[in-house]
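Protein sequence lines, in the order shown, are assigned to chains Y and G.
For the first sequence, our numbering gives the first residue as 801, with consecutive numbering after it.
For the second sequence, our numbering gives the first residue as 801, with consecutive numbering after it.
FYI, nobody ran anything at the bench for these hints, they're computed from the structure.
As the structure is a computational prediction, the values presented were derived from the model and not from experiment.
Be aware that one or more of the hints could be misleading.
Note that identical chains are pooled: a pair holds if it fits in a single copy or bridges any two copies.
[As the list claims (entries may be wrong)] In silico lysine to any residue, SDA-like type, Cα no more than 25 Å apart, as pairs:
{"#": "1", "residue 1": "Lys829", "residue 2": "Gln854"}
{"#": "2", "residue 1": "Lys829", "residue 2": "Trp872"}
{"#": "3", "residue 1": "Lys829", "residue 2": "Asp813"}
{"#": "4", "residue 1": "Lys829", "residue 2": "Arg858"}
{"#": "5", "residue 1": "Lys829", "residue 2": "Arg1117"}
{"#": "6", "residue 1": "Lys829", "residue 2": "Glu1110"}
{"#": "7", "residue 1": "Lys829", "residue 2": "Ser871"}
{"#": "8", "residue 1": "Lys829", "residue 2": "Asp1125"}
{"#": "9", "residue 1": "Lys829", "residue 2": "Gly1112"}
{"#": "10", "residue 1": "Lys829", "residue 2": "Ala1152"}
{"#": "11", "residue 1": "Lys829", "residue 2": "His1155"}
{"#": "12", "residue 1": "Lys829", "residue 2": "Arg867"}
{"#": "13", "residue 1": "Lys829", "residue 2": "Ala1122"}
{"#": "14", "residue 1": "Lys829", "residue 2": "Gly1142"}
{"#": "15", "residue 1": "Lys829", "residue 2": "His1056"}
{"#": "16", "residue 1": "Lys829", "residue 2": "Glu1133"}
{"#": "17", "residue 1": "Lys829", "residue 2": "Pro1020"}
{"#": "18", "residue 1": "Lys829", "residue 2": "Arg855"}
{"#": "19", "residue 1": "Lys829", "residue 2": "Glu1102"}
{"#": "20", "residue 1": "Lys829", "residue 2": "His862"}
{"#": "21", "residue 1": "Lys829", "residue 2": "Glu1118"}
{"#": "22", "residue 1": "Lys829", "residue 2": "Arg861"}
{"#": "23", "residue 1": "Lys829", "residue 2": "Thr1199"}
There are 2 protein chains.
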Amino acid sequence: MISPPAQRPTALDAARLDAADPLAAHTAKFVRDGDVVSYLDGNSLGRPLADLPQRFDRFVRHDWGERLIRSWDEQWMERPFALGDRVGALVGAAPGQAFIGDSTTVLLYKLVRAAADAQAAAGRTEIVVDDDNFPTDRFVVEGVAAERGMTIRWIAADPAAGVALEQVREAVSERTALVLLSHVAYRSGFVADLAGITAVAHEAGALVLWDLCHSVGVIPVELDASGVDLAVGCTYKYLNGGPGSPAFGYVAARHHDALAQPIQGWMGAADVFAMGPRFEAAPDRRRFVSGTPPVLATVALEAMLELVEEVGMPALREKSIALTDFAEALLAEHVLPLEVGGRCAALASPPAGPHRGSHLTVTHPSFRAVNARLWQRGVVPDFRAPDGIRIGLSPLSTTFAEVELGIAALGEELRGQDRPAA
Amino acid sequence: MISPPAQRPTALDAARLDAADPLAAHTAKFVRDGDVVSYLDGNSLGRPLADLPQRFDRFVRHDWGERLIRSWDEQWMERPFALGDRVGALVGAAPGQAFIGDSTTVLLYKLVRAAADAQAAAGRTEIVVDDDNFPTDRFVVEGVAAERGMTIRWIAADPAAGVALEQVREAVSERTALVLLSHVAYRSGFVADLAGITAVAHEAGALVLWDLCHSVGVIPVELDASGVDLAVGCTYKYLNGGPGSPAFGYVAARHHDALAQPIQGWMGAADVFAMGPRFEAAPDRRRFVSGTPPVLATVALEAMLELVEEVGMPALREKSIALTDFAEALLAEHVLPLEVGGRCAALASPPAGPHRGSHLTVTHPSFRAVNARLWQRGVVPDFRAPDGIRIGLSPLSTTFAEVELGIAALGEELRGQDRPAA
Chain Y
801 MISPPAQRPT ALDAARLDAA DPLAAHTAKF VRDGDVVSYL DGNSLGRPLA
851 DLPQRFDRFV RHDWGERLIR SWDEQWMERP FALGDRVGAL VGAAPGQAFI
901 GDSTTVLLYK LVRAAADAQA AAGRTEIVVD DDNFPTDRFV VEGVAAERGM
951 TIRWIAADPA AGVALEQVRE AVSERTALVL LSHVAYRSGF VADLAGITAV
1001 AHEAGALVLW DLCHSVGVIP VELDASGVDL AVGCTYKYLN GGPGSPAFGY
1051 VAARHHDALA QPIQGWMGAA DVFAMGPRFE AAPDRRRFVS GTPPVLATVA
1101 LEAMLELVEE VGMPALREKS IALTDFAEAL LAEHVLPLEV GGRCAALASP
1151 PAGPHRGSHL TVTHPSFRAV NARLWQRGVV PDFRAPDGIR IGLSPLSTTF
1201 AEVELGIAAL GEELRGQDRP AA
Chain G
801 MISPPAQRPT ALDAARLDAA DPLAAHTAKF VRDGDVVSYL DGNSLGRPLA
851 DLPQRFDRFV RHDWGERLIR SWDEQWMERP FALGDRVGAL VGAAPGQAFI
901 GDSTTVLLYK LVRAAADAQA AAGRTEIVVD DDNFPTDRFV VEGVAAERGM
951 TIRWIAADPA AGVALEQVRE AVSERTALVL LSHVAYRSGF VADLAGITAV
1001 AHEAGALVLW DLCHSVGVIP VELDASGVDL AVGCTYKYLN GGPGSPAFGY
1051 VAARHHDALA QPIQGWMGAA DVFAMGPRFE AAPDRRRFVS GTPPVLATVA
1101 LEAMLELVEE VGMPALREKS IALTDFAEAL LAEHVLPLEV GGRCAALASP
1151 PAGPHRGSHL TVTHPSFRAV NARLWQRGVV PDFRAPDGIR IGLSPLSTTF
1201 AEVELGIAAL GEELRGQDRP AA
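Just chain Y, same shape as in the assembly (with noise of 0.2 Å):
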């Protein structure tokens, strides 16, 4: 049985909303050719930049072509450290603490290492995180606690919400090394209390390592006025930097002296060019980076930069939410009334508010093979095991159009599955 969709109210006028939008003329920058009709998953893989074609020949002719290696005297040594103190810019971090290199879970292993055996030295032996962080962050957690001896003191999060300040608390004692948890959820998009949870964590005498993937480029965050000692995020998500983009680090500069990383290599050396006999690790962030930078992964990173920039981290925030709320209403209107096979689809995601960050997930068992249909007709969502289709909301490049657009085809899709088969 399916319930009608409800009257529209007139506030859910895309069209309007498009009209009004102070950033809309920055959504015909990215390419838009093709048979995506809506691209809800900007929060997994972010569009590319129209111009970067245009970077790219004069990166491969220029720097690379005709400057050769002369380049990485002229520019590329220290371009980690250019492109981190912008990254980190974003994300509260005064310059000399952010760094570009690596995966993400290779920093986020250096950084755990790091951190682990500085407190491990100190007789702390307990990392806590939650059961419903991203797979990597919970498997790096795991080889490292079993490498080093230490014990996982994992937290339950609530899956359509996140990690409570108060559970932090249970968590922490004076046996906590580090506490590790994502700023935003990568499944229900909760926003956690970056500040307060990295206070509590801070009064147990625990180190705290931030997961920003779903946070940069979207929501602001104060690393530096938090007291925040590590950070890691991605690049490709809301900084559109390509498919594998590097990860970025942030270590705050007063741990710099104390923190070592495992993985030591000829970037990471006092003196990079000495090729001494002996590794000495560099003074500064620098040691936290290890084999040669990956310059030319980073072209389409800094064509975004130049545009968030631009726009400013506020009025990204003022449209991620004028997009989520958005998208919350048609969501209400077109496919939660919906009743398919017996079950309502559910939001998994919290309230508008703080707490909320730039993507909404939807549940319902049917949603594996409504995704697999929606990508067909040039909806692209992702899909989330077992049940979740999660909607991401990209401030520079999403119109309100293309968000009524695809949930008004998850609604036609969640529908479909009512008939039988033909």
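With chain Y held as given, fit chain G onto it using these hints.
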């Protein structure tokens, strides 16, 4: 005092050599704009192929821009392995054993740890490495030895040659966990006896990890046939993957069950999208991958692989030898006879033959200054402290004419050091 250059032998005729070169036409397929008249550093950063702007255009507009997240299912998830197999084929690896990802340093760390941890469990606690190996190789081993309580057994390499088989035979024992060596020495260009050393290490029960950074794409290697256990290499030298393009790793299939690396990430899990509660490593080579594959960073590598596969390793090696022999003869004519500041320049590389790779190093106390002047006039070798100029001969992109021009300029600039500053 300066000795005059010797009379030019007729064999040193660059124009004739270029005209007779069966691979000559390929040199025009690379970007050759700008002020560089002689590029002798393709062993550090290969030149870009001239068609890369079109390839990036297609990648940005189609693979990324139109297919968006769907490209992960359609091609990108398999890309580290599809490209890994192609790189593997260049070094004698059957499919299923090589993969792309991370930096060389990070891959070295993973595979040194994998070998060291497995062998330590069998009571083997020494790692054998030579004191002239590339700094990252040495630094990684230092770090792993320190954290795992292992001992490093240093082999004293001959800086102008390399590590001899007999030295390895003396170094290995029932205590040896791993032997880590470079196939081609980064300074001298000495080619180690890969098969012989591997066999000697195996007789002692040790595993062997070969660094192929200066081999892959230029020197034939037979990993499978030589019984090698592990290998790593980079793709921005003779595979022209661009600055900081990702590394490749090789783990012989017989070790996939027994070896585990410490950086447990979502891409190395048995079921990537299950996102289950606990990490279970993939049964195959994917267990050596950690984070999201660096797709964008492999566009240039793929282009070069097509060309390398078209030409084939035997023809590449043949031209590499011809270029290197030519460079040696030119050095004998233009550089080695010069006495400047009371010192003659000296060749710090092996003689022609199977133990010479695709670069030569010449040493002189004034070469730091000489190299700076060469770069100003568009002649680009590289300088390696304390006194070496390294001349890399990348067979697909280097003409005999630019080798002649570059080495003649080297002679002029060295002679110029004899004059008092103006």
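Verification of the supplied hints:
| no. | hint | result |
| --- | --- | --- |
| 1 | Lys829 / Gln854 | both (13 Å within a copy, 20 Å between copies) |
| 2 | Lys829 / Trp872 | between (30 Å within a copy, 23 Å between copies) |
| 3 | Lys829 / Asp813 | within (23 Å within a copy, 53 Å between copies) |
| 4 | Lys829 / Arg858 | both (18 Å within a copy, 17 Å between copies) |
| 5 | Lys829 / Arg1117 | within (19 Å within a copy, 46 Å between copies) |
| 6 | Lys829 / Glu1110 | within (13 Å within a copy, 38 Å between copies) |
| 7 | Lys829 / Ser871 | between (29 Å within a copy, 21 Å between copies) |
| 8 | Lys829 / Asp1125 | within (24 Å within a copy, 52 Å between copies) |
| 9 | Lys829 / Gly1112 | within (16 Å within a copy, 42 Å between copies) |
| 10 | Lys829 / Ala1152 | neither (29 Å within a copy, 56 Å between copies) |
| 11 | Lys829 / His1155 | neither (30 Å within a copy, 54 Å between copies) |
| 12 | Lys829 / Arg867 | between (29 Å within a copy, 17 Å between copies) |
| 13 | Lys829 / Ala1122 | within (20 Å within a copy, 50 Å between copies) |
| 14 | Lys829 / Gly1142 | neither (43 Å within a copy, 63 Å between copies) |
| 15 | Lys829 / His1056 | neither (39 Å within a copy, 46 Å between copies) |
| 16 | Lys829 / Glu1133 | neither (30 Å within a copy, 57 Å between copies) |
| 17 | Lys829 / Pro1020 | within (23 Å within a copy, 46 Å between copies) |
| 18 | Lys829 / Arg855 | both (14 Å within a copy, 20 Å between copies) |
| 19 | Lys829 / Glu1102 | within (15 Å within a copy, 28 Å between copies) |
| 20 | Lys829 / His862 | both (24 Å within a copy, 16 Å between copies) |
| 21 | Lys829 / Glu1118 | within (19 Å within a copy, 49 Å between copies) |
| 22 | Lys829 / Arg861 | both (23 Å within a copy, 13 Å between copies) |
| 23 | Lys829 / Thr1199 | within (12 Å within a copy, 42 Å between copies) |
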